[in-house]
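Line order of the protein sequences matches chains A and B. If you use this note's numbering, the first sequence corresponds to residues 1 to 372, in order. If you use this note's numbering, the second sequence corresponds to residues 1 to 447, in order.
These are calculated hints, taken from the structure and not from any lab test. Quick reminder that beta carbons are idealized off the backbone N, C-alpha and C, glycines included. There could be a bad hint or two in this list.
[Claimed, not checked] Sample of chain A residues at the chain B side, in silico, Cβ under 10 Å:
id, residue
1, L64
2, A65
3, Q69
4, A73
5, M267
6, A269
7, T273
8, D274
9, D275
10, R280
11, L281
12, A287
[Stated by the list, open to error] Listed below are several chain A residues computed to face chain B (Cβ distance under 10 Å; list not exhaustive):
id, residue
13, R51
14, T61
15, E62
16, R68
17, E71
18, V74
19, T272
20, N277
21, R278
22, Y279
23, A319
24, V322
25, A324
[What the hints assert, rightly or not] So these bits of chain A aren't anywhere near chain B, every CB distance computed over 10 Å:
id, residue
26, L93
27, K117
28, D180
29, E183
30, E211
31, Q213
32, I216
33, Q289
34, L290
35, E310
36, E318
37, D355
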Amino acid sequence: MTIDAARGTPRGTVAESPPGLVQLLTPAGERVEHPDYEIDLTAEEIKGLYRDLVIVRRLDTEALALTRQGELAVWPSLRGQEAAQIGSARALLPGDMAFPSYREHGVAWCRGVDPVKVLGSYRGINHAGWDPRKHNLHLPTIVIGSQALHATGYAMGIQRDGAEDAVIVYFGDGATSEGDLNEAFVWSAVQNAPIVFFCQNNQWAISEPSERQSRIPLHRRADGFGFPGVRVDGNDVLACLAVTRKALDGARSGQGPTLVEAFTYRMGAHTTTDDPNRYRLQAEVEAWQLKDPVDRVRAYLLKSRTADQEFLDEVDAEAKEVGADLRRRCLELPDPELDELWDNVYVAEHPLLADERARFTSYLRSFDEVSR
Amino acid sequence: MGELRRFALPDVGEGLIEADIVKWHVRPGDAVEVNQTILEIETAKAVVELPCPFEGTVVELLVAEGTTVDVGVPLITVAVGGDVPSPPAETPPAPAPSEALSPVSPGTASAVAPAVAGTAPGRDRVPVLVGYGVKPGSTTRRPRRADAVEPEAVRPDAGTASRAKPPVRKLARDLGVDLAALTGTGPQGSVTRDDVRLAAAVAEAGPTVAEEDPRAERRVPVRGVRKHTAAAMVRSAFTAPHVTTWSQVDVTETTGLLAGLRDLADFADVRISPLLPVAKALLVAVRRNPLINSSWDEEAQEIVVKRHVNLGVAAATERGLIVPNVKDADTLPLPELARALAELAAMARAGRASPRDLSGGTITITNVGVFGVDGGTPILTPGESAILALGQIRDVPWVHEGEIKIRKVTTLALSFDHRVVDGELGSAVLREVGAMLENPTLMLAWA
């Protein structure tokens, strides 16, 4: 349904699967073939992807509830984008480096980050909860698109080290309108940097629909910068895995950057401070509901007899337990020690910082002496 | 014996300070699970469902539907783990649900808040989000060495004395108010300046808390849909010069047509009301007279003629008058239009109409006949140029084909914005709608 564009009223279009979309698993759970992308996974691997999808969705639901209960200040829900995140992150090798934006809780899960550590910054107790070097996952970036430049620089570093790793950077459709993204495209193209630009096109940059941001499909932007772009069904975990894997292999083997546009949908609000009913149609949400990334894998597992109901029940039970555990540990998260502020500013000890820390510590101690 | 836990209104949207209590989903005695939806609230940003943080049994709902409460005010008491204990003796006075419209000021709920704070030990931390700063009152400063010699700290009654900052203590001394007799409303129960001033004012006024006079006027706070409606009506009535024209119409044939439609398979699953042919007739009339479906752009000094018709239908709901609209109603085949109208009504009644459904209307119908009246002079929906009122359909003696017969007759009234629409056009539209309802064949001929 469209409304008079001249009046500037929000428009919502119910997106059909666009042409040229790489898909290996249909919304109904049917395996289909694609001439350029193939994937051969064992039953255990597919079941593993399903487990990732279900658990990540459960973690997201729990964090959303914790926010509604005042335990987190804000939460950007990933609901609907599970397959794009799991598929792409499971394509990474341990040495690859990932740069997330702020919604990549599923990527953090795949990189082995304890889910409770993702909650720290949303609970206001730290600026970020994990060691980027330990997980090869950079810290969340709230500023839109700036991580693409950090990632490009990192990829150029890998290149100069002669290492065989690759970089993946996550961003949304809105970020493609930012200068930072386009600068990153220019640099990585001319440097032939080993990087995969992974765009989760969830159709809405907060309240701005993606068709208002680009005259052409986003993946075709890559043409102008001189590297390949591909559009993949972002709700198809198998296709996301296959497409990302091929792009990463290309990066590692000196073929430079690739832009992957994962065509998906943000089922929830932009964050808990947003009300999507104000700008988009329920019919659009319902149409995407039929393309759910989790449902189609479940349908495939049952139809192909790769897994039985018992397995599905086990995964559900495990997810429930993981969710309850996340809740318990979130509430137990200790307030930070204030002198941790100085811990990760410089690689090595710095005399000025050491002095500041000493003075601040002594200041803090002055409170202890009087409180009993 | 279970432990009593309270759930206080959180800031669910970065920096909100209050929310309206829309609807409780649980009642005392209900069992609740963690994350079960217990309550809907409406903030400045959205209607939000609140999930319960505890598993247990609901003991008490502490705030009433329709009230506005501050962030931090306890909403519900839940007995966690074990039997339901009787409410503790120190349960503070909080507005009970039955008191929704009693003359309790909306501020009362927040005034009692700090007295019942302390939901659970160690849970008084307030998350601070980078870039949004610290909420006023959410931080406290611990005493440090240099300040530790204040005599206050060693007062013999320090354990029971009210907490108050020195300037507040001085103010209390100046006004002759006994701090120990006050219950503070500041952070951690501390006494604030306002508490002291209030106590001084009360003392001055003397004991005035009289029995409530049952014949006293009742003051209902204006908020939510009522507030919105009032603002929209005032804006419309005082910016658009309204003119209303009337027409009495014999709709006997149209009511016969309705009976015929109901027998068709296309309409088997939808309830058809007289609103349907009226809507269709108006849509046809709009197509023949596009200027009626337009709006006045004051800023640009232009008349904006719409090429689409989003047909608004005024609906009386529990929450007040709302006008959701059927998008692109002019493109819908009749069965679809019937379905859209029925859905709109159901959605409005259930309170599910989203802001999206409520915005973007281009012309409106209001069915005042459902209230049992013959007609009215409707006020335009802001931004539109015409609104059609449909009165009740009554059996009346009527001259039909030269004879007095009992016919089904209704009254139509069309209000229009005289800046945009002249009497000639307004009358033409009303006349055409009436003609189509009198003789439905015309509807077919003109459609």
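The hints, checked one at a time:
no.: 1; hint: L64; result: 8 Å, holds
no.: 2; hint: A65; result: 4 Å, holds
no.: 3; hint: Q69; result: 4 Å, holds
no.: 4; hint: A73; result: 4 Å, holds
no.: 5; hint: M267; result: 15 Å, violated
no.: 6; hint: A269; result: 8 Å, holds
no.: 7; hint: T273; result: 4 Å, holds
no.: 8; hint: D274; result: 7 Å, holds
no.: 9; hint: D275; result: 3 Å, holds
no.: 10; hint: R280; result: 7 Å, holds
no.: 11; hint: L281; result: 7 Å, holds
no.: 12; hint: A287; result: 16 Å, violated
no.: 13; hint: R51; result: 21 Å, violated
no.: 14; hint: T61; result: 8 Å, holds
no.: 15; hint: E62; result: 8 Å, holds
no.: 16; hint: R68; result: 5 Å, holds
no.: 17; hint: E71; result: 8 Å, holds
no.: 18; hint: V74; result: 6 Å, holds
no.: 19; hint: T272; result: 6 Å, holds
no.: 20; hint: N277; result: 4 Å, holds
no.: 21; hint: R278; result: 5 Å, holds
no.: 22; hint: Y279; result: 7 Å, holds
no.: 23; hint: A319; result: 13 Å, violated
no.: 24; hint: V322; result: 14 Å, violated
no.: 25; hint: A324; result: 8 Å, holds
no.: 26; hint: L93; result: 33 Å, holds
no.: 27; hint: K117; result: 16 Å, holds
no.: 28; hint: D180; result: 19 Å, holds
no.: 29; hint: E183; result: 24 Å, holds
no.: 30; hint: E211; result: 18 Å, holds
no.: 31; hint: Q213; result: 21 Å, holds
no.: 32; hint: I216; result: 27 Å, holds
no.: 33; hint: Q289; result: 17 Å, holds
no.: 34; hint: L290; result: 20 Å, holds
no.: 35; hint: E310; result: 25 Å, holds
no.: 36; hint: E318; result: 17 Å, holds
no.: 37; hint: D355; result: 21 Å, holds
Of the numbered hints stated above, those contradicted by the structure are hints 5, 12, 13, 23 and 24, listed in ascending order.
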